[in-house]
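S.K.: Line by line, the protein sequences give chains A and B.
If you count by the numbering used here, then the first sequence holds residues -13 to 389, one letter each, in order.
If you count by the numbering used here, then the second sequence holds residues 2 to 244, one letter each, in order.
Don't take each hint at face value.
[As the list claims (entries may be wrong)] Covered stretches of chain A (chain B as the covering partner; in silico rule of three or more C-beta atoms under 8 Å from a C-beta of chain B):
id, region
1, -10 to 1
2, 286 to 299
3, 370 to 378
In case anyone wonders, no lab produced these hints; they're calculated from the structure.
Positions of the beta carbon are idealized from the N, C-alpha and C atoms, including for glycine.
So the chains spell out like this:
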Amino acid sequence: MIWETIILALREIRRNVMRSSLTVLGIVIGVAAVITMVTLGGGATAQVKAEISSLGSNMLQMRPGQHMRGPGGTHSQADMFEIKDAEAITREISGLEAVAPLVSASMQAIAGNKNWSTTVQGSTNAFLQVRDWALESGRLFTDAEMISGKAVCILGTTVRTQLFGNTDSLGTTVRLQKLSCQVVGVLESKGQSTFGSDQDDFVLIPLRTFQRRIAGNNNVRTIYISAQDGISTTEVKESIERLMRERRRITAGKDDDFHVRDMQEIVSTLTGTTRILTALLGAVAAVSLLVGGIGIMNIMLVSVTERTREIGMRMAIGALEREVLMQFLVEAVVLSSFGGLFGIIAGLLASLAGAYLLGMPFILNSEIIVIAFAFSAAVGVVFGFFPAQKAARMDPIAALRHE
Amino acid sequence: MKVKASSPVRNGSLVEMEGITKVYGMGSAAVHALGGVDLRINQGEFVAVMGPSGSGKSTCMNILGCLDVPTAGTYRFQGIDVGSLSRDQRALLRRNYLGFVFQGFNLLNRTSALENVELPLIYRGIPARDRRRRAREALDVVGLTGWETHTPGELSGGQQQRVAIARAMVIAPDVLMADEPTGNLDSTRSREIMELLRLFNREQGITIVMVTHDAEMALYAKRIVRFFDGVINAEEHNGADQL
């Protein structure tokens, strides 16, 4: 009987193709919107994740001062690190791949008659390892250069292009304030970061060189640590914190005057944000699905009134109350499911196009497709019930007499 | 729940009405549509119900067709007290033993003649193949072979009423209830329809109860029951065979 009812409903829908398609338009748009929002949102999340892990997913970052949440935070009261801290971490903590102490400052880089405002980073070769950076040409710093603080530098591609165009830069000299450095290497390009900044816009010089010739002190601002594959960054983070509390003589009960941030943490914060956005957009889209449901109810009510005589006839030839109810309910559900189906197709096409236009990955979320379909069918049940009940409760005699 | 026809039909009476009254509304606004009707119809009869508007003939038809229940009195269909049945039980009774033909045809628009005739069989749960065969046969009997795929919009009034008759007959009912079946048709078509009904009555022994305003059509029936002011005030038997 249920199969017959579905066939009957399909026949009924076929009898009114134009009206049926207009009726389900609301559902189609609702479902398509939900699917598009969620799929694009998922793509954005995946993209953010991928870009952050390109920074080095097993990376930790340690800075002096407390971890400030919100604006207005300052780390100035806390002591800076020193090279010794980085060395201690390397020595004391196992499972590390590289430890890179870093200081940086913004300044003009000058070569010939060109100049370019950039960031100068003072660090070690480990910095490139931690940040997963490869050389395009030239070489890394030698140990001798590191220890003696020689005036050598490795250029990011942006700086190289700005200062030298397409000409070869290796062996030439770049002036950073009063310091003239010889270019020993050029890095491969990494492009823009998730945050929109140009990752290739920096000059790397040995840490000692920076400390002696530019900063004039022994401070280290940041220490980057990367853990070996398979080593939990959370555990590494804890051991670093323990070690640093000891080294900085922080007594029990007192807060850290430094903080270690785990990339995983940053990833989850960022993906959390995009997830909330996705949920919000999805909710807005779901409202349109609801509106679509009201549209279905509206048309079903019109349809029931219009077909009063038909209902009377069906009852006269022996249709039971529940059979009439089922007929209209199934009709509403079939309608809304069709809407769901077309909505899913439209939504997938829209998200494919959207992903392509926004340069995002297209990630098929089968869960949301199932949910959207189930929801659209449920909309049919919920909004079809009232009209169906109205039909089922008709008095056959009055219905037959209806003009 | 099953309503079975196996109960013995006493004295050949298929339907029996005793002191049937029907009151619509309550108190001072109450309308007495039927004021004590006694009526027996035997198996194989062809009864025409006549009477002016508001005389209660439609109300009586509705009760006879198990679409409505009387306010008081007993109505037995094949010995079953219809007044004691639930709405769904009455629907099952109609589904299995009653055929309906209406003045306005009441066919499904934009639906083929065949599908229209199949409809009662769907409610009876007949498998599709069987259903189609029986619907085709029914259309054949009413002379619409070759019109199976036509929709009501493509058929003349007379043809539409034939489809409706085929729909009523496809379940091989015990009683065919026809409410002014020729009311919307010209006299030639009307006569054709009446011939068809008479054929069913004679050849298949189908009991027919028909409401009509038209004296000429009433002459096809073997018996005429006249209503006036909610009661039966005259009954005639005619030798319908001379027409």
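S.K.: Please list, smallest to largest, the hint numbers that this structure does not respect.
M.R.: 3
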